[in-house]
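Using the sequences plus the hints, can you model the full thing?
Protein chains in written order, with the numbering used here: chain A, 1 to 356; chain B, 1 to 356; chain C, 1 to 356.
None of these hints come from the bench; they were simulated from the model.
From the three backbone atoms N, C-alpha and C, an ideal C-beta is built for every residue, glycine too.
One should not assume that every hint holds.
Each computed DSBU-like pair below joins lysine-lysine, with the alpha-carbon atoms no more than 35 Å apart [as the list claims (entries may be wrong)]:
#1 C:Lys14 x B:Lys158
#2 C:Lys28 x B:Lys180
#3 C:Lys306 x C:Lys145
#4 C:Lys158 x A:Lys14
#5 C:Lys330 x C:Lys55
#6 B:Lys28 x A:Lys158
#7 A:Lys55 x C:Lys185
#8 B:Lys14 x C:Lys14
#9 B:Lys306 x C:Lys28
Facing chain B, from chain C, some residues (calculated, C-beta under 7 Å) [claimed, not checked]:
#10 Glu44
#11 Asp45
#12 His65
#13 Gly86
#14 Pro99
#15 Ser100
#16 Ile108
#17 Trp181
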Amino acid sequence: MTSLKSQSNDIADKHTPLLRNFWYVAAKRDEITRAPIRRTILNEDILFYRTEEGKPVAVQNRCPHRSFPLHNGYLNGDRIVCNYHGMEFNPDGSCGLVPSLNSAPRSIRLDAYPLQEEGPFVWIWMGDQANPDYTRFFREDWWDKPRWTVLTGYMFMKANYLGLHENLMDLTHFAFLHSKWNLAKREHTLAPCTITDEGNHIRQFEVHEGVDFPPALAEYAGMKGPFNREAHHLARTPAMQEGHQITVDVSQAGKTDEQYITHYMTPETATTTHYYWALALEHGGGDSVLLGQMQTLAGAAFEEDKVALEEIEAIQNRDHRPGFSERIIKTDEGGVRVLRMFAKFAADEARQTIAA
Amino acid sequence: MTSLKSQSNDIADKHTPLLRNFWYVAAKRDEITRAPIRRTILNEDILFYRTEEGKPVAVQNRCPHRSFPLHNGYLNGDRIVCNYHGMEFNPDGSCGLVPSLNSAPRSIRLDAYPLQEEGPFVWIWMGDQANPDYTRFFREDWWDKPRWTVLTGYMFMKANYLGLHENLMDLTHFAFLHSKWNLAKREHTLAPCTITDEGNHIRQFEVHEGVDFPPALAEYAGMKGPFNREAHHLARTPAMQEGHQITVDVSQAGKTDEQYITHYMTPETATTTHYYWALALEHGGGDSVLLGQMQTLAGAAFEEDKVALEEIEAIQNRDHRPGFSERIIKTDEGGVRVLRMFAKFAADEARQTIAA
Amino acid sequence: MTSLKSQSNDIADKHTPLLRNFWYVAAKRDEITRAPIRRTILNEDILFYRTEEGKPVAVQNRCPHRSFPLHNGYLNGDRIVCNYHGMEFNPDGSCGLVPSLNSAPRSIRLDAYPLQEEGPFVWIWMGDQANPDYTRFFREDWWDKPRWTVLTGYMFMKANYLGLHENLMDLTHFAFLHSKWNLAKREHTLAPCTITDEGNHIRQFEVHEGVDFPPALAEYAGMKGPFNREAHHLARTPAMQEGHQITVDVSQAGKTDEQYITHYMTPETATTTHYYWALALEHGGGDSVLLGQMQTLAGAAFEEDKVALEEIEAIQNRDHRPGFSERIIKTDEGGVRVLRMFAKFAADEARQTIAA
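Right under this line is the structure:
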């Protein structure tokens, strides 16, 4: 019941510098094609396209000569051609040609960003471009589950990305913000919640007894109910938070349904966020009506979170009452731990910058 | 003919802090119902609703927990329920329930604003919430005139509220800005104008001889003309300015028509204003066509003031000519006195803040 | 290949104060009539109208009394009347009447700007209003060519005006940004370019061999081709850049076509520009279809420049990659020389301001 958040740099907030040394979701795989697109990530304008062999490319979307955005240009083989004075650049950012010089000076080059194409996404490394840290690229369990079904979605959010982390670490909002979907009952807000620091990640775990479960999904999984839900939320990087949800059929021992609901938050700026999500289903693969329902439900529920966080950002900019600071209660413990972890990351990055 | 306004803190301007220790019009009575609404006043986002018994309530529209705007929630009896994590608050701002704690901590509470419901409006006290100053709540004469007719209107103005005070204290603009309504003739700009400091208010008084008067209103009042107009303007608080207009039938001794035209300016921010007005008519009550004309005339004329003040605010932001400062002439005396009074109020409030 | 531009105050950039001691195009002649219009130039809001005798007038568009924009008023003979309290002003900026004083105080006056009406334009002097420098008003050759045809155009550009100067001093962009118009081939980017400081102006000269030439214009001029183009660009003031283009019919000795393409950039603010252009044609005068084509071609090509410069301004505001600075190559020499000249102008004006 204290206002911890405003007291120190120990807890990241929207004024904390955006964190660079992580892999962020840059795009869904099928967004990156031979038609170049631009996207701003961590305040940098980036151009994405594929080489003729299909490899995704990310380079700075700004000609080093006169700052013309390269997405207005065109591909010449694997090179992007600036449409102002015709400079050409290779996928590694080096210059391929300056037409008026008939040469390719080494001093003219683009930032080029390491990418990883894995799961349904293309991931981008926003730290030191020469030394991407692959130990910070975390594979998700469900990428290797071939018979599972994966649904994905995207929203653009006019709010800082940290709100999404806080939101996901406190599921007591289900009974209110998402009340129309019957995901949780009012009494579930009283369920005990365990938060564990497991070394390189923070895990939140709680069990909700007597939850609703979509009848179509239950039928598909051969489950009758009543149902309990075991919900894990795992936070490790500022780029994502992995939910793992196990629904247990209380009437049939060992009968369960598993889902992974992973949220990817890629800061565009300090006040805007690319919000991707993936829902990986153990059951439901063959039923297109059921999948359509799940896609709609997930999209609509996450839209409620997005809108809530945008409203919060708006009121923080609009309401200037003297002496206001947010109060923290017991259910915020998970969120506070995550924000504390990010504050440490930010301190590490600040030290690196000074050392470099 | 000096540029007094830019010379000192003796005269309030748009950089003067907004004045808190006053009663402002918050809403027309019928705007506040069981359906909660938000409105920003003096940079604070405020929620308005009525209790089950019909009492108006004003509390901060921002949950103290995670800043979610409460107008997205719903009423549970007399309590507003936050739609993010379900916290409930009483009309006095105290917490009624935190569902996840199953208790109501005293440290979690909303600002609650004293209200007065009088005349056609609900008034809000923006000073110390524990000690509203009722001696600063000024009743208007026409609230107690049961057979009079009252018309009201609202406009949102993208300009600082002080311009409205200046505008109303210099009626020489009638012959120009409002020329299409024949409210005053060019020669009336030369009429002498008396400004009197009457203790807790400043009165401006002038007589315009040979004015036009709406024929329908004249017929209703049994007046033939020619007409003189005695115009009083009374400024006392930053929240309002009361006009009292007596039209005298020169051909019939003692035959007059009285109107009160009161202007209410409630700063939303330093650059935007809620502008309410009320027109109280001694005559005209039974004639709906006449009342419609008066409503239209008043709304259209005040709209001219609003647009003019918005244009002035816009040009102040746009025109950056070196060395410019506004010139003051004789007719500005009333406005300057009012702005001087407000500068004193601001100095008083600054002293209180330091003392507190 | 250095990043000269960010290293010093020797080269003007968008942070350099706008230059005042020059004649800028304020409007096309026919834009200024008896119906007053407003236009912001160098951050000053200016009113334009014509006297009863037809002389163009430019005065500050802001009443010195209460800052009401004068373009909302009306003309009383040659005087502009403020529509707020009726103040009247003469074309020289002096007050003609304050109605409520029934006098015209000398201390109340408007800035009045010297104008020159020449060629297709009205030019405004933005320096010391009492001492316009007519030696800085440069007549253009084609103003005195009575049988030539002149086309003009206007665009509003959301970018600093300096980009237009740089753009025009490096025509290697023709083969890329304007590729659809076949104005230049890729190999022309390698053509040698001569830059000469000719005292009070900088001239850029280059010859492009084997260029396309509009067939209709060739027929009109009795030319068969192949064609060479001699392109001169002459920069002298921040207000304009004069292109002079001579197309030579290689198969007929002495057979040529001349065009002047003059670009006028009038800063509205540091980030917005009034962009006028004039295309003066030696041939083509009698053929309205041909003229329509030329008007369309010029307008569409210059629109490409405008959009490119707006995109550059936008990316400079949006892309915040650490350590970025633009690289300069050989073809930027003309642009850099012009920006260096403007930096000297800015230093001169700063010294004048300190001295004054």
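Sort out which numbered hints this structure fails and list those numbers smallest first. 5, 17
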